[in-house]
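J.: Protein chains in written order, with the numbering used here: chain R, 198 to 603; chain X, 8 to 391; chain G, 40 to 288; chain P, 8 to 316.
None of these hints come from the bench; they were simulated from the model. Check before you lean on any hint, since a few could be wrong.
[Said to hold, decoys possible] With a straight-line cut-off of 27 Å between C-alpha atoms, the simulated DSS-like cross-links for lysine-lysine are:
hint, chain 1, residue 1, chain 2, residue 2
1, R, Lys330, X, Lys208
2, R, Lys405, P, Lys288
3, R, Lys330, X, Lys16
4, R, Lys348, R, Lys372
5, P, Lys288, R, Lys392
6, R, Lys330, X, Lys321
7, P, Lys187, R, Lys429
8, R, Lys429, P, Lys288
9, G, Lys182, X, Lys18
10, R, Lys494, R, Lys585
11, X, Lys321, R, Lys286
12, R, Lys585, R, Lys348
13, R, Lys348, R, Lys543
14, P, Lys158, R, Lys396
15, R, Lys373, R, Lys572
16, P, Lys158, R, Lys459
17, R, Lys585, R, Lys370
18, R, Lys330, R, Lys375
19, R, Lys370, R, Lys430
20, P, Lys288, R, Lys430
21, R, Lys508, R, Lys286
22, P, Lys158, R, Lys430
23, R, Lys600, R, Lys370
24, G, Lys182, X, Lys16
25, R, Lys373, R, Lys348
26, R, Lys372, P, Lys158
A quick note: this is a predicted structure, and the numbers were derived from the prediction, not measured.
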Amino acid sequence: MKKTNLITRLLAVATLATAATAGAAGPPTATVNTTGLAVTDDTVTVGQLHSATGTMAISETGSIQAEQLAIDQINAAGGVLGRQIKVIKEDGASDWPTFAEKAKKLLVSDKVGTVFGCWTSASRKAVLPVFEKENGMLYYPTFYEGLEQSKNVIYTGQEATQQILAGIDWIAKEKKAKTFYLVGSDYIWPRTSMKIARKHIENVLKGKVVGEEFYALGSTSFGSLINKIKLKKPDVIYAAVVGGSNVSFYKQLAAAGISGAKQTLLTISVTEDEVLGIGGENLTGFYSSMKYFQSLKNPNNGDFVAAFKAKYGASSVIGDVTQAGYLGPWLWKAAVEKAGSFDIDKIAAASPGIELKTAPEGYVKLHPNHHLWSKLRIGQWQKDGQAKVLYESELIEPNPFPKGYQ
Amino acid sequence: MTLLRTLFKTKGEAISFAAFAFLILLVLPLALPVFRLNLVGKYLSYGFVAVGLVLLWGRCGILSLGQGVFFGLGGYCMAMFLKLEASDPVTTAIQSTPGIPDFMDWNQVTALPGFWEPFKSLWFTAGAVFVVPGMIAFLIGWAMFRRRVGGVYFAIITQAMALILSLGIDGNQGYTGGRNGITDLRTLWGWDIRSEDAQFKLYFCCCLLLLAVCLLGKYVINTRFGRVLMAVRDQEERVRFSGYDVAMIRTFVFTVAAMMAGLGGALFVLQVGFMSPSLIGIVPSIELVIFAAVGGRLSVVGAVLGCLLVNAGKSAFSEAYPDLWLYLMGGTFIAVVMFFPDGLAGLFGKPSGAGAKLTKFLSKFRPSLMGAAVTPTQITPLNK
Amino acid sequence: MSNSPRNHVLAIEDLGVSFDGFKAVDGFNFYLDANTVHVIIGPNGAGKTTVLDLICGKTRATSGSVKFKGKEMRGQREYRIVRAGMGRKFQNPSIYENLTVLENLEISHPSGRGILGCLLFRRTPAIERQMTDIAAEIGLSDKLDVEAGILSHGQKQWLEIGMLLMQNPEIIMLDEPVAGMSVRERTETAGLIRRISQNRSVIVIEHDMEFVREIADRVTVMHLGQILAEGSMEKVSADPKVIEVYIGH
Amino acid sequence: MFSQYTTEELYNIFLMQCFSGLSLFSVLLLMGLGLALIFGQMGVINMAHGEFMALGAYTVYFCSSMTEQYAPSLGPYYFVFAIGIAFAICALVGALVEFLMIRHLYHRPLDTLLATWGLSLIMQQTYRSLFGAREVTPTLPDWLMGSFNIKEGLDIPINGVFVLCLALAVTLVLMVFMYKSKFGLRLRATVQNRKMSGAVGINTGKVDRLAFSLGCGIAGIAGAAFTTIGSTGPDSGSRYIVDAFLVVVFGGAANLLGSVASAFGIAQAQSILEFFLDGTKGKVATLLVIVIALMFRPQGLFPSKVRGH
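Turn these sequences into a full structure, and let the hints steer you where they fit.
T.: Spelled out as structure tokens, the structure:
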């Protein structure tokens, strides 16, 4: 314990020396930090917990970058309650026990004010008990399966119904679709999403699910699946394949002559990040339902994209989760300032109702269930790897425990 | 006295064992905060697998790349019990079917599957932690060793097993928790295993059991059975024609190693609080072998220390240099295999062995890479 | 074939094995009397070693029977055949090089060959006496605590014979026991074989005719997997078929 | 299950299903061939085999971006050259690895497993440092995309045909090389009896190095070819490793033809099982079948026939 304090103090001295830009001093530490967090008179330490190595590094890189960008911008604008944000980065290494270990380290040893991190459901489930036990706060950026609500987590991505229902409604109406083929990777998010999709298709739209299949993560051969799809001739392929399998899936679809021109395909697992690996030419004409696309036209997003590219290079792309990751530090800042304190309990209490008018996706608001109100957008993929936004819904209320869909 | 002599063949063995016990029972608990101690406990739970690997691989020459399977089975048995205890109808009232584990509810399972039922009993669970891995190891071992599958083939088949089990768990998430595993375990008979106090106690529990398993391993190694094991490794045919049932001996060691791994898995779950298929698959299974190799595949204490050191190194380096640690890990493994085949323990046992090997290796490159100025005598002292 | 099979320690009838159609041993009949040294000779590839492999179960026979004291052994697992009372020495000395001479002998002791037996094995005075006796027999009394790996080639051969003696088998099978030995070692080995055959039967495979003449009670000549001749050394060495095979090569 | 479809539809699906089996066969074969050489012939358990495949894939990616930047007119043809370059680079790296590492471990086959595992970690991290953690995709020439539309409802993917032809060509060349060339003779001699081969004047060290680098080179070709059907990322190699080993082991390690047969068998089994069961279950069932078959027939389909030792 002593050691950590010493390190924090040393860090603080270092910042004092360098960061004369910090501007006006905030309220005294004793009042804004009553629970012994790593907050000093001019810094506040937060944690960042993603996979920098291992299989998930592919996906998590974007979130890491976006969170860092937001933190830099907040620091440049004077920090939070007059304090500069210091980041301790930890690598979960795509390994769930490591995530739990590092989460505990951040909360217990480093006493960080909050943590931005996790990507997969599995890593979130692994750290959740740690956050609840040690009373930490996690800003979680990924769209996910729902069925969860915790005082210690702010979900900045969509829960399943926000991402699925309106999208299926749109495709059913636009394409007069009646039959659906559901395909996903084999873990909880695709399975839960497909469950919700199936209930919606069968009970609300009175359509028909002609096939539902799940492939192990990392599967690379989809020949048999594609033949089954060809046999069943569904109006819509509804896909939630992730990771490396995603690339194989779309490349093999394209090679088998199933292209956007001939077949409607709606996916909830392809963002601009994935397109990099899949190749725009293999996706042209297919649809994604997300809350954010890089091509979104609004002033917030223009600034965000420009800043992101300035920092990470002109060829970098921004996907849905990357944007949601970017919201995390801003939402936390807003909550801290509303609460006037870094204390976790006060932040949790202050969070409901927080609005962010500067979000790249447009206006967002935090629901009392710690999820964000968000819009749903349908984008159609173009050859250059960007999506053309065809549809935008109203703000949708987050509903992690949807009645009738369980 | 005779028992002591069987356990420790030399004074050095006794001293190193005592030093190890002193380290984990006294030094580490005094030096580390509970959070770090809990991590050490987690690494030590891999030590159970390592002891099994010393018997199985170091002594008997059977390389299993499926020890993660048994570690996982033991862990899952424990996790099922804890999950059932954490899923009482009151806590899970929000579910459509209260009283069953949360992931079942998410997967539209409406009643507790039959094979979960017995795990409501702690005693059944405690038995299953040994029996389930042991039985599966016995069946697989019996089928394979009878047909003289050995060496590389055994390694690859066990690796395939690891893949099958992890895929199987992934694919049946309604019954197993799938890829997320079984998470959010809270209490053991009402005792909160997440509290600092519990973690402190569990650490000692883990240490004592590990020391007991180490002693068991040492006993096995230093009896006639241990010599027969080495004989099977080096001169299988001779052993067979000395009238031993080699297949049975191998099956037995494989089973014992599996049971040790199962116990390790159970203690892992108690200390870490969850279990997931990512601990079962191919990568963790190979990593377990590598921990043992780094520490010393012939030495019980060495292999356990290997688990401790590699994991501590992994934690420390991935905190300090996240980008470099994979290079470092990879480099360490290669170096250990090439220059210290008996691992760190080998360094103490035969001081000349590793240094000489390195010198010999370097001298091969001398004309081309190192220039004539470097002579073996100049290199050797560095490695002592 | 004057005696009924019952009087033989080992009675092999019509034994045969084929590898992918190639008949390595075919129609092999062989009767071993108690307390004799029976030598099998023949040119390379005659199937001598294969016969030993078939007897001790290392190779599965495709036809015929192997009766040990009237009990069928064919198809049994190796360790059961060994436990029934047969010992086999390999062509290359196969001993445990990392263990000492004493430990090598100890491991071969027949008590405690099960798993529990192994774990609870204790070196009793009786076993210790037996080990020193046999060490004396094979001339390694002064090397008891030496690691077996550093013994000379001849000493390794003897140690392996000693390990067989520890098992106290009724039949000992030796595959070229004097290959690579010096003349003096050869003479000593001949004496050793004569001595151990006093209360058990010994089957020896050998090339060296001088050596065979020294030890053999009875000789079987094999050629191309079949028996060419059988009888005393004098009788077979006078057999024109045998002479032809040996000179023809 | 099939009652609602016309005979023609079913016939088309049957044909396409046969082709996906063949396509999977060619994938498994390409994966397995290099390993059959390294593991089957030399006894080295190369856990970095997948990383060599990834190296081949990254080579194609590198060639693709170079072509786009400096010689866009070559776009349609670069892929063929890229495969050759992938082969060369992987073979070179393979030779280096053999020289530094593998040759010291020939007498300890199980240890090659651990050492090459360490190597695979290093290679993965190198890719991550050089190309980033994200997946990349090379621009593929148009002639490789799409499918032969033979008639309505019957499409044969061109990249599948390409990989199939490539796999067969590589197999053929390797076979000729192994069984007809002088090097092949030396290699087989070395494998059977290292000491004797050395004694009759074969430079066994050189033979080993050539064989290992050839195996790695073939892995490179495989990796290059897989850019048409799969992903290229730092970890993509590790996905193939178990399948590759099973192909070789199931075939009877020492026999190249065995690897071909086992790749065919496994591919057909998996493809059929995946058609009738769903994804994960199909894969698990395939693996189970292989493992159980191996328990009953540990030498694999085509064991090497050497007189009983």
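J.: Run the structure past the numbered hints and jot down the numbers of the failing ones, going up.
T.: 3, 4, 7, 12, 14, 18 and 25
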